[in-house]
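**Q** Below are the chains, spelled out letter by letter.
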Amino acid sequence: MEGCRSGLTGGPGKTVCRKAPWVRIPPSPPRQFFIGATRLTESKLRPECLSKNRQQGGFLLKYGNMEKDIILKVENLNVAFGEEKVIEDLSFDLEEKELLVILGPNGAGKSTLLKTLLGLVPYEGKIQWKDSVHIGYVPNEFVIPDNLPLNLREFFQFKKDSPEKIYKALEWVGIKSSDKILEKKLYTLSSGQLRRTLIAWAMSDDPDIIFLDEPMLFIDIHGRETIYDSLARIWEEKKQSIILVSHEVGEVCKKADKVLALNKRKLFYGPPKEIITPQNLAKIYGSPISL
Amino acid sequence: MDLQFLYSLIVGIFIGGVAGYLGSLMITKRMALVGDALGHAALPGIAIALIYGFNPSWGAIPALFLGILVIWFFEIYTKLPMEALTGIVFTASVAIAFLFLPEDQVSNALIGDISKISLSDTIFSVILSIIVFLILKKIFSKMILTSISEDVARVEHIDTKKYNFIYLVCIAIVVALGIKITGSLLMGALVITPAAAARNMASNLFQYSFGALIIGIVSSVLGILLFKAFSFPAGPCVILSATAIFLISLIFRKK
Chain A
1153 MEGCRSGLTG GPGKTVCRKA PWVRIPPSPP RQFFIGATRL TESKLRPECL
1203 SKNRQQGGFL LKYGNMEKDI ILKVENLNVA FGEEKVIEDL SFDLEEKELL
1253 VILGPNGAGK STLLKTLLGL VPYEGKIQWK DSVHIGYVPN EFVIPDNLPL
1303 NLREFFQFKK DSPEKIYKAL EWVGIKSSDK ILEKKLYTLS SGQLRRTLIA
1353 WAMSDDPDII FLDEPMLFID IHGRETIYDS LARIWEEKKQ SIILVSHEVG
1403 EVCKKADKVL ALNKRKLFYG PPKEIITPQN LAKIYGSPIS L
Chain B
1433 MDLQFLYSLI VGIFIGGVAG YLGSLMITKR MALVGDALGH AALPGIAIAL
1483 IYGFNPSWGA IPALFLGILV IWFFEIYTKL PMEALTGIVF TASVAIAFLF
1533 LPEDQVSNAL IGDISKISLS DTIFSVILSI IVFLILKKIF SKMILTSISE
1583 DVARVEHIDT KKYNFIYLVC IAIVVALGIK ITGSLLMGAL VITPAAAARN
1633 MASNLFQYSF GALIIGIVSS VLGILLFKAF SFPAGPCVIL SATAIFLISL
1683 IFRKK
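Quick note, the sequences are listed as chains A and B, same order.
Residues 1153 to 1443, numbered by the numbering used here, are exactly what the first sequence covers, in order.
Residues 1433 to 1687, numbered by the numbering used here, are exactly what the second sequence covers, in order.
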């Protein structure tokens, strides 16, 4: 067991060193500031903090005698927009190479949770990231301005990706790569193609974890199957951690390691076999749902 | 070729080029009318410059920076859309300018006057145009990503607030420079029309941004040549040249 190390210089990834024997995390308390009467932990996470400012070292969690590599640990997370509480007292953790599906009705705080973890929203509580974590993010809304002549090659070059990396990433999501496809403008892609392109873009520089916020939004059934197949392949073969926000309770949930059912508060959290039951789904969505 | 005309051409080439390049970003960020609005926001500074007989761009720069700072702070504190805040600031500026703008200088302020450009004005315009172009080129892809999704841009380590501020400063400088050619009334068109024409014909971002730059240069040169040949005011000639190119671009429009 190593001693506590200093981690982030700021941001939601800034961690607190506790004396708990199972956690090896940095020592300094989170910087706090005040907005009105609300105390917030600073969350102006510059994502570079995640990948660059952290020193090496992670933290381990012991379940009984079993040690697991934890990439993310969230404790007592609260998020409010003005007077409105969006997330209340949420705690969970994510292991490395784990697929976590976040379920919940509209307005449950799912997208806000992802944005909070990414440091885009102020919060109260603790979010502890493993050191040097590099994140890929696919938002639920990604609108290409009308007629913007941005082609796939240029889009991937925003990340300074080489053609080989671009081809590889596109092949992961089932897009047959060629020079011709790279010259295609993004706004000419179908919704499904654009989603898959975004997933490829997010994973092209090999992130440790991918955040996917409702990747099936506005996608037809066939498109959903293709995207789910791609995600399943990425997760099974590349073994990247994935946090997926979804309304789907089908195949993806069954493949998940854990499901977090959210409606501002944590409703259920655990392996899908335990969570995805008709009774629980009725509680989550407020009406019976057939599986 | 007389020296004055040569200075006008040089200034037109550099300012027209950088205005076109900037316009390609402004259309993408849905800020097409901001150049126009800022042109008006510069009016109090232009009015002071015309009263005291110095280069209107020198007067426009502080007025624009003040306007942009006010818009930037209002945006942070009110969260109102930038367009609404720009509207408030530019109309207030026009109102202030017309309190003391001499009547015989109204035309100069509104449609510009490129016939009296000195060597120092030319050097100043060329150097500033080059600096702004290099800055814009450096931040171009970051600003495009920010305009598509600010959240994704932040996750990709882009300090969006910083880059938005740099971008606004670049707009202010280009507008201040362009006012000499087109005046405050037509400034928006110098930024937007070449970029809109380039967007019609471009297959990719490179063609779009550099196409806008080239169309900006061609429009300025054509306009200044028309001014020389027919003694029409230069500003309207430059804008009408850009508009003609825009109409031609519709024929070659790429889908």
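Just so you know, these hints were derived from the structure itself, not from any lab.
Be aware that one or more of the hints could be misleading.
Stated by the list, open to error - Using 30 Å as the maximum straight-line C-alpha spacing, the simulated BS3-like pairs for lysine-lysine come out as follows:
#: 1; chain 1: A; residue 1: LYS1336; chain 2: A; residue 2: LYS1407
#: 2; chain 1: B; residue 1: LYS1511; chain 2: A; residue 2: LYS1416
#: 3; chain 1: A; residue 1: LYS1416; chain 2: A; residue 2: LYS1435
#: 4; chain 1: A; residue 1: LYS1312; chain 2: A; residue 2: LYS1278
#: 5; chain 1: B; residue 1: LYS1548; chain 2: A; residue 2: LYS1312
#: 6; chain 1: B; residue 1: LYS1660; chain 2: A; residue 2: LYS1311
#: 7; chain 1: A; residue 1: LYS1320; chain 2: A; residue 2: LYS1407
#: 8; chain 1: A; residue 1: LYS1320; chain 2: B; residue 2: LYS1511
**Q** Look at each hint and say if it fits the structure.
**A** Comparing the hints with the structure gives:
1. A threshold of 30 Å between alpha carbons decides the hint, and for LYS1336 (chain A) with LYS1407 (chain A) the separation of about 33 Å lies outside it, so the pair is violated.
2. Distance check on the hinted pair: LYS1511 (chain B) and LYS1416 (chain A) sit about 25 Å apart at the alpha-carbon level, within 30 Å; holds.
3. Taken as a hint, the LYS1416 (chain A) and LYS1435 (chain A) pair is honoured in the structure, with Cα atoms around 13 Å apart against an allowance of 30 Å.
4. Between LYS1312 (chain A) and LYS1278 (chain A) the CA atoms are separated by roughly 33 Å; this puts the pair beyond 30 Å, and the hint is violated.
5. Distance hint between LYS1548 (chain B) and LYS1312 (chain A) is unfulfilled; the C-alpha atoms sit about 46 Å from each other, more than 30 Å.
6. Of the supplied pair hints, the one linking LYS1660 (chain B) and LYS1311 (chain A) is violated, its CA atoms being roughly 47 Å apart against a limit of 30 Å.
7. At roughly 24 Å between alpha-carbon atoms, LYS1320 (chain A) and LYS1407 (chain A) fall within 30 Å of each other, so this suggested pair holds.
8. Restraint check: the Cα-Cα separation between LYS1320 (chain A) and LYS1511 (chain B) comes to about 41 Å, which exceeds 30 Å; the hinted pair is violated.
Violated hints, in rising order: 1, 4, 5, 6, 8; the structure is consistent with all others.
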